[in-house]
Amino acid sequence: EPEVTQTPSHQVTQMGQEVILRCVPISNHLYFYWYRQILGQKVEFLVSFYNNEISEKSEIFDDQFSVERPDGSNFTLKIRSTKLEDSAMYFCASSRRGTGNIQYFGAGTRLSVL
Amino acid sequence: AQKITQTQPGMFVQEKEAVTLDCTYDTSDPSYGLFWYKQPSSGEMIFLIYQGSYDQQNATEGRYSLNFQKARKSANLVISASQLGDSAMYFCAMREESYKAAGNKLTFGGGTRVLVKP
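Sequence order for the protein chains is S and U.
Take the first sequence: its letter number 34 is residue 34 in this note's numbering, and every next letter is one higher.
Each position in the second sequence, counted from 1, maps to that position plus 114 in this note's numbering.
Think of the hints as simulated: they come from the structure by calculation, not from any bench.
Do not rely on the hints blindly, as some may be mistaken.
Said to hold, decoys possible - Listed below are the simulated DMTMM-like cross-link pairs for lysine to aspartate or glutamate, each with C-alpha atoms no more than 25 Å apart in a straight line:
id, chain 1, residue 1, chain 2, residue 2
1, S, Lys78, S, Glu18
2, S, Lys57, U, Asp140
3, U, Lys184, U, Asp136
4, U, Lys117, S, Glu56
Chain S with its partners taken away, still in its complex shape (with noise of 0.2 Å):
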């Protein structure tokens, strides 16, 4: 069954450093989505992305964070300047047209700041 891939899985950086975390949505999809969800609270949406552009993005999303298709597969999310509070679990999904347009998410990626 085709899934979202998340690499990598465990990201540890020092504060004030720039961070990628990689994606591969489903093939088939074309709508794509980053939600964080810090230790212990609920997930929170960051930015969904369709046609190559974004078409959504939440209060979270600031300057120091982009996302970036660079080609045909891969989704990524970038943060410039990581600082303490940006430590998370960072969730792509995909979702494609058709019913209840369900996202698919991945295993995720554990950011941790120090």
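Add chain U to chain S, keeping to what the hints say.
Relative to chain S, chain U alone:
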């Protein structure tokens, strides 16, 4: 105001018994979707079941069923015949749909932790 409310932070259920997880939502959008996801201790988010606001019948997927009461704005998940592997965090989520055909964000509730006892 909270869009998705899960009032049960945690619950125990005996193996082989059924359990109901509560979810209430708040929206003025006439078109929306309701979802349940399972998050085991390993951390991934697994889609379980979907209910559209215009669906006349409650959704079912194997041992999962969604008790959709539109007038009460509730979308409770029922897990029948609980198994040890059902121990996990369960999240209710909503997508409001009217202004876009697809690609709208999910808004999640705070989750309910379920522990199945042998």
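Given pair status - Glu56/S, Lys117/U, alpha carbons within 25 Å: holds (18 Å)
Does the structure keep Lys57/S and Asp140/U at a Cα separation of 25 Å or less? This hinted pair holds, its Cα atoms lying about 21 Å apart.
Restraint check for Lys184/U with Asp136/U, where alpha carbons must lie at most 25 Å apart: Satisfied, since the Cα-Cα distance of roughly 14 Å is no more than 25 Å.
Take the C-alpha atoms of Lys78/S and Glu18/S, compute the straight-line distance between them, and say whether it is at most 25 Å. The given pair, whose Cα atoms are some 7 Å apart, holds under the 25 Å limit.
In terms of the numbered hints stated before, the structure departs from none.
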